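K.L.:
Protein chains in written order, with the UniProt record's numbering: chain A, 1 to 294; chain B, 1 to 296.
Mixed in with the good hints there might be a few duds.
Claimed, not checked - Dumping the calculated SDA-like pairs for lysine to any residue here, alpha-carbon to alpha-carbon at most 20 Å:
#1 B:Lys272 / A:Phe119
#2 A:Lys55 / B:Val135
#3 A:Lys169 / A:Ser104
#4 B:Lys66 / B:Ile51
#5 B:Lys47 / A:Ser104
#6 A:Lys42 / B:Lys47
#7 B:Lys66 / B:Ala153
#8 A:Lys169 / A:Ile143
#9 A:Lys102 / B:Pro16
#10 A:Lys55 / B:Ile128
#11 B:Lys8 / A:Phe119
#12 A:Lys105 / A:Pro192
#13 B:Lys66 / B:Lys47
Hints in this document: simulated from the structure, not taken from any laboratory.
Treat the numbers as computed from the prediction; the structure is a model and nothing was measured.
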Amino acid sequence: MISERSAFTRLFNGINLILLVAIMLLCLLPVWYTLSISLSDKAAASAGQVFLWPKGLTFGSYNKIIHDDQFFTSFFISVQRVVYGAGISFIVVLLMAYPLSKTSKEFKPRNVIMWTLVFAMLFNGGLVPWYLTMKSLGLINSIWGLVLGGGLPVFNVILVMNYFRNMPKELEESALMDGAGPWRILFSICLPLAMPVMATILVFTIVYHWNEFFQALVLMNKSEKYPLQSYIRQVAVIIDPTKMDEETVKNMSGLSNQTLNAAKIFISMLPLLIVYPFLQKYFVKGITLGSVKG
Amino acid sequence: MLNKSFAKHYCLMLLPGLIWLFFFNLFPMYGILTAFKDFNPGIGILKSPWIGWENFQYMFELNDSKIIFRNTVAIAFAKMVGNLIVPLVFALMLNEVKNRMFSRTVQTAVYLPHFLSWVIVAGMMLDIFSYSGPVNQVLSGMGFERILFFADAQMFPFLVVGSDIWKEFGFNAIIFFAALTSINPEMYEAAAIDGASQWKRLTRITIPSIMPVTVLLATLSLGNILNAGFDQIFNLYSPMVYSTGDIIDTWVYRAGLIDMQYGLATAVGLLKSVVGLCLITVSYSLAYRFANYRIF
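Build the full structure now, drawing on both the sequences and the hints.
P.N.:
Put into structure tokens, the structure is as follows:
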């Protein structure tokens with residue numbers, strides 16, 4: 001590679017670097033600001049004196065959260081939901097993707113099932129029929145409503161299926177020669193090789209179940225049964241229309257528990273903040289392999 | 001050649017997924033009947049009387065329907081354009097950086113917002129755009145009036161589109177990164193030997209090379225023109241901004257689950273689903289024709 005050092009190139013690279021650093025900060029600052037607010041003195045926060053650094057450093061809000069039973073109940077419901085939801089969809093998606101990766105010659109019903117799946121992915125009854133279904137299945141106020149209510153993640157099935165299809169046929173054939181049955185081939189040969197794509201869909205389902213708030217809002221009658229995001233929404237996000245005249249909005253930050261809410265928001269994103277840098281290589285690989293090949 | 005007797009094992013493997021698919025994806029479609037009925041929850045869907053297209057007629061007479069349709073398309077279209085151009089420009093900028101450590105760090109930082117839920121992002125935005133928050137601090141410092149962002153119908157669509165681009169541009173750039181790394185490095189070397197400057201190489205090699213991916217993504221995104229982002233708007237809006245912020249999905253939620261107008265809400269949702277399905281089918285077949293892209 002020939003490198004040239006003209007004035008224009010240097011200026012171009014310099015401005016580019018500065019802009020990129022600015023973009024990076026733009027993505028990180030809101031999180032940092034929320035942390036600062038949560039660690040600040042209440043009065044300073046509501047007076048708008050906090051900018052990039054906590055003012056009147058205090059762990060008061062975090063101390064309050066430790067004694068907040070509702071927060072922990074919701075946190076636990078979210079964890080439960082993630083474990084069940086991610087576990088179930090991991091197994092079911094794997095079991096569906098493998099037979100569907102066969103050609104219709106090898107497995108006759110394949111095409112019919114595939115078209116049904118694609119139709120179910122692209123078309124749905126909408127909100128009200130969904131709600132009526134959940135109600136008639138008795139899933140109101142049940143954790144299973146949250147775990148299963150999102151429906152089969154068809155997109156993930158297609159992702160994994162495409163991965164299996166691109167695997168060399170010879171691997172399976174040699175296992176077959178050695179006397180392995182279909183289950184053994186799937187679990188001992190295909191699954192270990194599919195770990196990158198399985199890890200990707202695991203990340204997607206974990207994030208989905210951790211972040212989902214709306215189904216719980218509709219399905220749970222009592223707010224004690226809310227998962228964390230729905231709880232956060234209830235305490236920190238809802239813009240109460242009755243309080244929305246100008247005077248109150250101006251005073252709102254003073255009235256509300258801004259620092260406490262910031263602390264709750266920060267804690268609820270903490271698990272993802274911790275894990276996602278480690279999972280990055282998987283989802284980057286998975287998303288490029290599942291969608292467009294450059 | 002695989003053993004014939006495997007077929008029944010394959011069926012067994014598919015069974016849990018098919019049951020799930022039936023109950024939670026296919027069975028709700030039966031509820032679509034409510035769109036054609038005077039639905040009474042007390043007696044169930046089947047026994048409720050048929051009313052034909054009445055719900056649909058009523059929908060077109062409503063004043064709201066024009067507003068929500070216009071808002072949906074406007075917001076979705078603005079997001080579509082922004083979510084294509086911003087990630088593309090960002091990926092091109094990052095591609096010019098030769099320091100691996102630096103570009104890794106930037107990438108990790110910009111993926112972050114994608115993983116936060118709209119509840120959390122809305123919570124943070126309420127603080128940042130509040131009356132005494134940092135944005136208004138800066139505005140008043142520069143001599144402008146403070147703005148009540150979340151009560152301002154003029155401002156609201158910009159907040160929605162801007163925050164969506166902020167949240168997703170890093171993640172959307174992944175596809176462009178992949179396309180950029182697959183460009184043959186020999187082309188750059190040959191161009192450099194011929195005396196092409198960094199700028200020339202960008203405009204003559206890099207940009208033409210990722211045009212196909214860009215066109216493909218633009219085509220595919222057409223199918224989403226009625227999806228303006230329920231989760232986001234639901235967390236950010238209030239009655240004060242209904243005139244510019246209410247979209248089909250949020251309206252359906254209020255009409256159906258809050259005001260209990262089941263039939264009407266189902267009708268609106270059904271129309272949206274049908275139009276959406278047609279758009280997606282068209283955009284997928286265009287993508288197949290022009291870019292040879294298939295999803296399965």
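K.L.:
Determine for every hint whether it applies to the structure shown.
P.N.:
How the hints compare with the structure:
no.: 1; hint: B:Lys272 / A:Phe119; result: holds, 15 Å
no.: 2; hint: A:Lys55 / B:Val135; result: holds, 18 Å
no.: 3; hint: A:Lys169 / A:Ser104; result: holds, 15 Å
no.: 4; hint: B:Lys66 / B:Ile51; result: violated, 23 Å
no.: 5; hint: B:Lys47 / A:Ser104; result: violated, 42 Å
no.: 6; hint: A:Lys42 / B:Lys47; result: violated, 57 Å
no.: 7; hint: B:Lys66 / B:Ala153; result: holds, 17 Å
no.: 8; hint: A:Lys169 / A:Ile143; result: violated, 41 Å
no.: 9; hint: A:Lys102 / B:Pro16; result: holds, 18 Å
no.: 10; hint: A:Lys55 / B:Ile128; result: holds, 16 Å
no.: 11; hint: B:Lys8 / A:Phe119; result: violated, 24 Å
no.: 12; hint: A:Lys105 / A:Pro192; result: violated, 26 Å
no.: 13; hint: B:Lys66 / B:Lys47; result: violated, 32 Å
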